[in-house]
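Please build the complex by placing chain W on the supplied structure of chain U, with the hints as guidance.
Protein chains in written order, with my numbering: chain U, 1 to 79; chain W, 1 to 79.
Just so you know, not all the hints are guaranteed correct.
[Said to hold, decoys possible] So, partial list: chain W residues that the calculated Cβ filter (under 8 Å) puts toward chain U:
hint, residue
1, L25
2, F30
3, Q38
4, K40
5, T48
6, K55
7, Q57
8, I71
Just so you know, the hints here were simulated from the structure itself, not pulled from any lab data. Even glycine gets a Cβ: it sits at the ideal position worked out from N, Cα and C.
Protein chains: 2
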Amino acid sequence: MKVRVDITLKPGVLDPQGEAVRHALGALGFDGVQGVRQGKVIELDLATEDADLAKTQAAQMAEKLLSNQVIENFTVTVI
Amino acid sequence: MKVRVDITLKPGVLDPQGEAVRHALGALGFDGVQGVRQGKVIELDLATEDADLAKTQAAQMAEKLLSNQVIENFTVTVI
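Isolated chain U (complex conformation) (with noise of 0.2 Å):
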């Protein structure tokens, strides 16, 4: 079974690489971008079939080692 983990930073929390993107687009002449903000996608493919367990599963993995708690949110998205 196929889960996407969402990991995007926290409201408030500086994205420095958002920001260098966000100039380095200004150079190549695209103006008007007014914010840019990364994230991560993890996809897994996970040995259980069963949906809920495997949302649990990637949760749990995403609280221990795929996201950083205390900037990043994540959301697990059973595909």
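Relative to the frame of chain U, chain W by itself:
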């Protein structure tokens, strides 16, 4: 207007980062993880209020800077 650009590796392209995450999950006791694929999500805050223009601009940004067209696919979604 906010636009989301999802960037994923093309099928068949090796994902060393994903492999490293898979091994780390195994070391943490998460068994049953058959595969891990990692991608990026970039949220753009564009000045335009025209959805079609925003999508076109974001696609151009993805082609020119945000994604590596050789090994990555991208999708653009107005949010």
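message: Of all the hints numbered above, which does this structure not satisfy? Sort the numbers upward.
response: 6, 8
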